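Q: Sequence:
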Amino acid sequence: MNKYCVNGFKFQTEKVFRNKKTNNSGVYIQGDVDGTSQTIEYYGVIYEIIEVRYSGCPKKKIVLFRYEWLDPSHRGTKMNHQHNIIEVKHTRKYRSYDPFIIAQNAKQVYYASYQLRRDKVDW
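With UniProt numbering, letter number 50 in the sequence shown gets 50, and the count goes up by one each step, no holes.
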């Protein structure tokens, strides 16, 4: 699938928005750190929307998003307290292979580049 509506958001794959003015492929999810009570924020871009159907009675299905995650460490993600925004370095990718999440767990984010700041071209 190229599009999927869930949690009040319309998600699209990165391929759909390439030449458009709007961008609905940004995603955010919170996860825990190795089973501790600490949380970490993951940001990414949807590359594929997959619907898995299970046969049998009753028929069931689940929708998964395949992502490319950005680095959640302090080198790839930081909070800009002055403007109350999260800055994500799009050139730093998450090294671990963990590409799928259940669509119902996703929240949508919008990525905008710094047009007038040469020092933040990667953020």
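Honestly, I wouldn't trust all of these hints.
As the list claims (entries may be wrong) - The calculated lysine-lysine pairs, modelled on DSS-like cross-linking and capped at a C-alpha distance of 27 Å, are: (1) K3 with K15; (2) K120 with K15; (3) K20 with K3.
If you're looking for bench data, these hints aren't it; they were derived computationally from the structure. Keep in mind it's a predicted model, so treat the numbers as computed, not measured.
Q: Quick one, are K20 and K3 close enough, alpha carbons at most 27 Å?
A: holds (14 Å)
Q: Could you grab the alpha-carbon distance between K3 and K15 and see if it respects the 27 Å cut-off?
A: Between K3 and K15 the Cα gap is close to 11 Å, so the pair holds against 27 Å.
Q: Is the straight-line distance between the alpha-carbon of K120 and that of K15 27 Å or less?
A: holds (25 Å)
When the structure is compared with the earlier hints, no violation turns up for any of them.
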